[in-house]
Amino acid sequence: MIKINLMPPEEKKESGSKVAIQLPKNFTNVLLAIPIVVTLALVGFLHTEAINKIENLTETQHRLDKENKELQKQIEVVEELKSKQDQLKTRLEMITKLNTNRDFWEKVLVEVSEHLPEEFISIRSFSDASTPEAKRIRLGGSALTDQYISKYISKLRESPYVVDVTLGGTKATQYMGRDARTFNLTVDLKIPEDPTTKTNDPK
Numbered sequence: 154m155i156k157i158n159l160m161p162p163e164e165k166k167e168s169g170s171k172v173a174i175q176l177p178k179n180f181t182n183v184l185l186a187i188p189i190v191v192t193l194a195l196v197g198f199l200h201t202e203a204i205n206k207i208e209n210l211t212e213t214q215h216r217l218d219k220e221n222k223e224l225q226k227q228i229e230v231v232e233e234l235k236s237k238q239d240q241l242k243t244r245l246e247m248i249t250k251l252n253t254n255r256d257f258w259e260k261v262l263v264e265v266s267e268h269l270p271e272e273f274i275s276i277r278s279f280s281d282a283s284t285p286e287a288k289r290i291r292l293g294g295s296a297l298t299d300q301y302i303s304k305y306i307s308k309l310r311e312s313p314y315v316v317d318v319t320l321g322g323t324k325a326t327q328y329m330g331r332d333a334r335t336f337n338l339t340v341d342l343k344i345p346e347d348p349t350t351k352t353n354d355p356k
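Using our numbering, the first residue of the sequence shown is number 154, and each one after it goes up by one.
Misleading hints may appear alongside valid ones.
With a cut-off of at most 25 Å between alpha-carbon atoms, the simulated PhoX-like pairs for lysine-lysine come out as follows [as the list claims (entries may be wrong)]:
| id | residue 1 | residue 2 |
| --- | --- | --- |
| 1 | K324 | K304 |
| 2 | K226 | K206 |
| 3 | K288 | K304 |
| 4 | K324 | K308 |
| 5 | K343 | K308 |
| 6 | K288 | K242 |
| 7 | K260 | K304 |
| 8 | K260 | K288 |
| 9 | K260 | K343 |
Cβ pair distances, simulated, as ranges [as the list claims (entries may be wrong)]:
| id | residue 1 | residue 2 | range |
| --- | --- | --- | --- |
| 10 | E233 | S280 | 31 to 39 Å |
| 11 | K242 | H215 | 36 to 44 Å |
| 12 | K235 | E271 | 53 to 61 Å |
| 13 | D256 | D341 | 15 to 23 Å |
| 14 | E233 | E286 | 31 to 39 Å |
| 15 | Q300 | F257 | 28 to 36 Å |
| 16 | D341 | I228 | 44 to 52 Å |
| 17 | V231 | T192 | 54 to 62 Å |
| 18 | R216 | K242 | 32 to 40 Å |
| 19 | V263 | G293 | 16 to 24 Å |
| 20 | K222 | S280 | 48 to 56 Å |
| 21 | T243 | I344 | 19 to 27 Å |
| 22 | F257 | T298 | 26 to 34 Å |
No lab work stands behind these hints, which were simulated from the structure alone.
C-beta: ideal position from N, C-alpha, C; glycine also.
Construct the complete structure from the given sequences, taking the supplied hints into account.
Okay, structure coming up:
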């Protein structure tokens, strides 16, 4: 069978040709630019986030530094108050101790002076040499002879406030044109018991 194509020549030509889609000339460049733009945007976002975090950390550090300075000032105030409190406590303890021992020292002075023989010239020095373990005084004076010094030591040992007397030494001297002896004594003391506090032994 013979097929006859009755279509016009123009339509025949169009029906026999393929339709080609033509893309813009810069389309490839656009496709290549998209990842770059996305990458730059991501880098910018991350950079901004990093800057914000750094600023927040810096602000937090400044706030902590300020709080630390304020806290340090408060600590210094507390330490100063504690130091003053310790000083006041020490003073109160000293005052209490002095008040407690005032009568004791008054009686010791009486004992030291009352036992002086008439032949003694003078007591020239009196100092407290007490330690935490014992009460002690040091006396310095002068007498006409060593015998008077020995007599004074014996009298002191009879006192209820005296534990022992130690002669540190004597030395020859002159007093108003006369021979004399200087001496130094160390006197160990005690607080005698109050008789009113003793209990009677049962019979």
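Violated constraints from the hint list, given by number and in increasing order: 2
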